[in-house]
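Participant: Model the full structure from these sequences, guided by the hints.
So the protein lines, in turn, are chains A and B. 1 is the number of the first residue of the first sequence in full-length UniProt numbering; add one for each residue after it. 1 is the number of the first residue of the second sequence in full-length UniProt numbering; add one for each residue after it.
These aren't lab readings, by the way, just hints derived from the structure by calculation. In this text, a Cβ means the ideal position worked out from N, Cα and C, and glycines have one as well. A couple of the hints might just be wrong.
Unchecked claim - The following label-pair restraints were derived from C-beta to C-beta distances:
| id | chain 1 | residue 1 | chain 2 | residue 2 | range |
| --- | --- | --- | --- | --- | --- |
| 1 | A | 179 | B | 147 | 52 to 62 Å |
| 2 | A | 205 | B | 71 | 27 to 37 Å |
| 3 | B | 31 | A | 237 | 47 to 57 Å |
| 4 | B | 186 | A | 36 | 50 to 60 Å |
What the hints assert, rightly or not - Covered stretches of chain A, going by a simulated chain B footprint (3 or more residues, C-beta under 8 Å):
| id | stretch |
| --- | --- |
| 5 | 103 to 110 |
| 6 | 168 to 182 |
| 7 | 290 to 297 |
Number of protein chains: 2
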Amino acid sequence: MSETTVRAGVPVLCVLGSPGVPGGGLPNRPNLERLSGRARVEYADGDSLAALLPVADVLLVWDFASDAVRRAWPGPGRRPEWVHTASAGVDRLLSCPELVDSKTVITNARGVFDQPIAEYVAGLVLALAKDFRGSWELQRQRRWQHRETMRLAGTHAIVVGSGPIGRAIGRTLMALGVEVELVGRTERSGDPEFGRIHASGVLGTLLPSADWVVCAAPLTESTAGMFDAAAFARMKPTARFVNVGRGAHVVQEDLVEALVSHRIAAAALDVFADEPLPSGSPLWDVPGLLVSPHMSGDTVGWRDDLARQFCDNFDRWAAGEPLFNVVDKQLGYVPDRSAP
Amino acid sequence: MSETTVRAGVPVLCVLGSPGVPGGGLPNRPNLERLSGRARVEYADGDSLAALLPVADVLLVWDFASDAVRRAWPGPGRRPEWVHTASAGVDRLLSCPELVDSKTVITNARGVFDQPIAEYVAGLVLALAKDFRGSWELQRQRRWQHRETMRLAGTHAIVVGSGPIGRAIGRTLMALGVEVELVGRTERSGDPEFGRIHASGVLGTLLPSADWVVCAAPLTESTAGMFDAAAFARMKPTARFVNVGRGAHVVQEDLVEALVSHRIAAAALDVFADEPLPSGSPLWDVPGLLVSPHMSGDTVGWRDDLARQFCDNFDRWAAGEPLFNVVDKQLGYVPDRSAP
Chain A
1 MSETTVRAGV PVLCVLGSPG VPGGGLPNRP NLERLSGRAR VEYADGDSLA ALLPVADVLL
61 VWDFASDAVR RAWPGPGRRP EWVHTASAGV DRLLSCPELV DSKTVITNAR GVFDQPIAEY
121 VAGLVLALAK DFRGSWELQR QRRWQHRETM RLAGTHAIVV GSGPIGRAIG RTLMALGVEV
181 ELVGRTERSG DPEFGRIHAS GVLGTLLPSA DWVVCAAPLT ESTAGMFDAA AFARMKPTAR
241 FVNVGRGAHV VQEDLVEALV SHRIAAAALD VFADEPLPSG SPLWDVPGLL VSPHMSGDTV
301 GWRDDLARQF CDNFDRWAAG EPLFNVVDKQ LGYVPDRSAP
Chain B
1 MSETTVRAGV PVLCVLGSPG VPGGGLPNRP NLERLSGRAR VEYADGDSLA ALLPVADVLL
61 VWDFASDAVR RAWPGPGRRP EWVHTASAGV DRLLSCPELV DSKTVITNAR GVFDQPIAEY
121 VAGLVLALAK DFRGSWELQR QRRWQHRETM RLAGTHAIVV GSGPIGRAIG RTLMALGVEV
181 ELVGRTERSG DPEFGRIHAS GVLGTLLPSA DWVVCAAPLT ESTAGMFDAA AFARMKPTAR
241 FVNVGRGAHV VQEDLVEALV SHRIAAAALD VFADEPLPSG SPLWDVPGLL VSPHMSGDTV
301 GWRDDLARQF CDNFDRWAAG EPLFNVVDKQ LGYVPDRSAP
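Facilitator: In structure tokens, the structure reads:
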């Protein structure tokens, strides 16, 4: 199974990455050429992972949509020192209590997705403001029907998530003339770009003013289900909701009800509780709901960026230097002070 | 027909604005309350305009999609002193040689549409980069199909048109990380925002580097048909073309051929040689072509903005002050020095 020249004593790098992930997340193996001769690379899928983990020094979770780590994580004894996931979210890894309680360090792909996701959200916001889906539906029907659209500049957005993705979204919307308020776990003032960052506890008081509500938060116990009927009830009937966080941030049936009853105007979801979204899901044809297949951050070259980032961190690990993007396993994300 | 209190000696303001314009441009009459008692307002449609023009001091072309002015413009003798059109483009008015040769001053709606059109173009560019139409087509089919998309930041755009609309487009794309080059009638250097502005004569040498080509130029003799087979042949196969200028900027059959043959990757048209686009037009279903019904600048409140702008200029006219947004009838647009 080894892909590199094996030398006695080189560390074992286990890569969880089955080709052909349903829905097409990361079908290819990462480019780890840079590690040639410096690691024994063993590829695992969900079935073979349990046998490999006890001999692995490092685990690269390339197939970040897999639940295999939780199932395969070994009991006390020999375990990987370090787990890196090729994703920004670490909610799947942290759903394994034995991994959380272990001394194993977790790092993530913080940084790779910021600008792509910010562009994607800005595009969705503009598409909703200008009703592009309506225009293209009319185009299919060969119908010329002029409508007035919304001016984006001067509207008001609440971005939930004050990490690098939320910040990039906020920055991009501000560049388009939108007034942005950022919501994080705790309140902070004097942020050089956003001024006051609000605590998520006061979200309810902020929602009534928002034209746009964007979720880009990490999924943690305190953020799961935060967009529920009560939250949608506080939004304006003209508000639009965008989720690029995790499906479980939203109580999906409450969102459907808010859309069907015109409690809010529209929504765009790139993430779902159940991915790939089953073809029988009612979400596919809710009026006013735009669906896309968890691709907001995945611009051409993203796999190379993810592999490069892992190799950079591997260099540090091999040299005994501190890793970057170390996840605080209690908080559920990489705190700001750990930014690379 | 008078809508205001008529006083002896008040000027006659003729408003060309038939309600129910096909395609829905400006169905309502302008709000001219501010002029109450200061002008005798006479509403005209295409049929009654010829009878009213010889008695009108001012003509407000509210239905800017109408060709009536060319047909109804009076011969030598009594003519309106001033014609204002509620549009940025003045190509329809300037298609009347007797109006061009007369002493009548023409003003336009320069300024009202800049930010809305810039947002619309940025939205189209992002929608093309992120393949939103592809996602929503897959949504209709209930298919989850992950794709990689294009990162917008770092791409290269050519914006043809260096007036306020082209500049707003350029500024907005730059805020999204796009490198922008502006093309105007003549070369200028040292522009505070864009550095060198290129002359349209060198467009052919600029096109091969563009990821995005945006047309926001005034329609004049020298810009009509500028996007033809030769222009598309110079673009990259991955280039995308956006037209928010006038339909006649593009040789439509050449664009269709460029799309069908994959000479360029995609295009978005908001304007057409023939508007409303007839339901039998082949343009509705060209692969890779997004069609919208000439609405890029028309955000909620645009009619009020247009009426307010006209009334502001009317105040100047009534006070004998110089008008703003005076069109250079030879150039075919409002030169920069005349900006309000």
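Participant: Provide an ascending list of the numbers of those earlier hints which the structure does not satisfy.
Facilitator: 1, 2, 3 and 5
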